[in-house]
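Enquirer: Here is what each chain is made of, one letter per residue.
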Amino acid sequence: MGRYILKRLASAIPVLLGITVIVFLIMAMIPGDPATAILGSYATPENVEKINRDLGLDKPLVQRYFIWLGNMLQGDFGRSFSLNRPVLDEILDRFGATLILAGTSFVLCAVLGIVAGVVSAARQYGLADKAITFTVLIGISIPAFFLGMMMILLFAVKLRWLPVSGMYAIYGGGDLPDLLRHLIMPALALAAVATGVIARLSRSAMLEVLRQDYIRTARAKGVPERRVIYGHALRAAMVSIIPVLGIQAGFVLSGAVYIEIVFQWPGVGRMLVDAILKRDILLVQGGVVFVAACYVLFNIMVDVAQSLLDPRIKT
Amino acid sequence: MTILSLTRRTLFAAATSVLALGALSLPAQAQTPPGVLIVGQIAEPKSLDPAAVTAVNDFRILVNLYEGLVRYAPGTLEVEPHLATGWEVSEDGTVYTFTLREDVTFHDGTPFDAEAVKFNFDRMLNEDHPYHDTGPFPLAFFFGSVESTEVVDTHTVRFTLSEPYAPFLSNLAYPTGLIVSPAAVEANGADYGRNPVGTGPFTFAEWRSNEAVVIERNAEYWGDPAGTEAVVFRPITDANTRVAEMLAGGIDLMVEVPPTALGQFQGDGFEVVEQAGPHVWFLILNAKEGPFADKRVRQAANYAINKEAIVNDVLEGTAEVAAGPTPPAFAWAYNEELDPYPYDPDRARELLAEAGAEGAELTFYVTEGGSGMLDPIPMGTAIQADLNAVGLDVSIETYEWNTFLGEVNPGLEGKADMAEMAWMTNDPDTLPYLALRTEAWPSEGGFNSGYYSNPEVDRLLEQARVATDQAERARLYKEMQAIVQEDAPWVFVANWKQNAVTSDRVENFSLEPSFLLMLEDVVKN
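Sequence lines, in order, name chains V and L. Here the first sequence stands for residues 1 to 315, numbered as in the numbering used here. Here the second sequence stands for residues 316 to 840, numbered as in the numbering used here.
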């Protein structure tokens, strides 16, 4: 198992290097530069040149890439000009917020999705199945940002049950209940689509398994239905559910970008969007590489989890 | 497992979650605390170092922490003494001597004196200064004509300019001229922008990244103490969310209300505040080549576009029709006799026929957003429709703001016939000097992207810049406006009225024509 994990980790290195090249080239190629973003209407060629020199952007592309990569390997992601602080400090600050949001969402969509799928499959074509299938269809069809806005209108503006946006109350907040109040809406909005996808997949995976002979055997020998479903069938179905959980985790992480904007959640997604609009090259590059590294790591974890469940996969 | 038991369980789960939700949500109804003003900003500030920032968004915080030698008198764009008690200008207009207040200390306890003023300007302008590396200082060119800053005595400081430069005082009143504590810059170096120390009515308390910047009442302030204990600036980048926060009572004051959202704040509980500012929204016309090289076609465009409709329907009354290149907010320099080009499509057709430009194909650069650009896409579409209606064939190319500036600032030649643009400035000199002179063509490093050239306008602008008498400057600017309106190098479209919404718990709030947000006197109940 240890060798398998090491092998997977080693294979991540070229992927990450490739990502650094791609994100660096994209940032170098998109029109508009940081100096124009800083100076706005005052961006005369002369002023632009001076700012670019101050930011070290007058060096050749290849040299800039290797300086950046070299610094990054030593843990120095550079300094964000638009926020005037070290890129890594900003990313770590922001990543915590994203992890809380995406993590909560992921747990929500995994639990709700699997439970809904299992219940659906257990009483195929029953009332519960129909209700769940219908709800899931709606969940999948509504864009998350729209759902988020509608939730804000209903629960924050009209009913005033929950705060509109942010992560903590500006005054007198900062404790766990305060965080939860701010977390409910964005986490639900972010989880909606993924829950639907997982529920659908869990349902079909369960139906597949429930048709197997050993399930009939289990029932025949008098195993209680609850144990048949959750003990025997679900465990087997998990093998095909887990890879989808991995994909949905990535989806939740990337979906956090627009949910973070709607709910002004201080996470990495919002940071990246702001950074792109301001052409804050180092912040975009550092942020993308960091998120990509997490994504790759997460995929490795999913693969490892899957190989633990189904030893046939480890080849 | 029967359906009934499932339902019972589901019911139980649902009841529990509703209870949990209720328990969590009750305290959220609490209002913002009295004495603390919570302001919804449009973005996170870049830095709180006045020399390093360029955005109005950041200036809104800075002007409450810092003060300059002079400031814009409340409600106007006229310069009045602030940290300086007065000044003298030499006959030739190149030496400015300021007498400083003697009772002022920075928030860190260090004295405000002539040495501090010298430190500020040397840091920005002198590349050898030990703290020049705390930049870059993108707007340092506002003081580009300053040759030296001298300490005459503890409370007297003298600026020597390389040439007479009339906007100097006005630039000193701009946030770039706010005075920072030298001791704090020395202590914090590159991190100064997150540890700001000024002399203003509020002191810096904390900056929680992406959540809030908090400033508190300065108990030691030399003037009248501030009306609130603290002000919290919250960055809420999404306009819809900002509106929702305002409606839900999460913020007490929001700036830059989207025009379409204004209607939601008409009822009780809110107050909408408006103030015209030194802003002009216009179309740059390419006078070098193509149909707009002919003055009659440029005038035709001014007649053809229904500016009233744009201002009232697209912008929902948040702007007024512009008459010329200078916004009326510069009251002393504004030519009252100029009327906007009326909406007259027939006249436009006549002019086009005279110039033989019927059916001309035009490329129109439109931006998606950007500082002061209001609602550029709907505005661009409305303009396109008006021009097509008089027989021109306009095709729009849309760019994201930074890309747009990268295309427009180097000049429109060979690319486009017209482009949207907007400026907010602090002095009537700035925009025409940078964007209408022959020597301001992009090849010379200016912003005259449409290559307008009129020697008479050049002469008037050069004279106005070196004239030290305001009445004389006003006369020159008024003459310039009349000529430029006739020559029509731009389509003059709109002057924006900035707006803000406050809750009814906020008192004494007003907006300044300078677009700065002075919160000293505001009271929050």
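To be clear, the hints were calculated from the coordinates, so they are not data collected in a lab. Careful, some of the hints might be misleading.
The following label-pair restraints were derived from C-beta to C-beta distances [unchecked claim]: (1) Ala358(L) <-> Gly174(V): 15 to 25 Å; (2) Pro45(V) <-> Gln590(L): 30 to 40 Å; (3) Thr575(L) <-> Pro60(V): 22 to 32 Å; (4) Ser463(L) <-> Gly174(V): 42 to 52 Å.
The beta-carbon is built from N, C-alpha and C at its ideal position, and this holds for glycine as well.
Enquirer: Each of the hints needs a verdict: does it hold here or not?
Expert: Going down the list of hints, with the structure as the test:
1. Ala358(L) <-> Gly174(V): 15 to 25 Å: 23 Å, holds
2. Pro45(V) <-> Gln590(L): 30 to 40 Å: 34 Å, holds
3. Thr575(L) <-> Pro60(V): 22 to 32 Å: Violated, at about 47 Å.
4. Ser463(L) <-> Gly174(V): 42 to 52 Å: Between Ser463(L) and Gly174(V), where Cβ atoms are some 50 Å apart, the hint holds.
In this structure, the one hint that does not hold is number 3.
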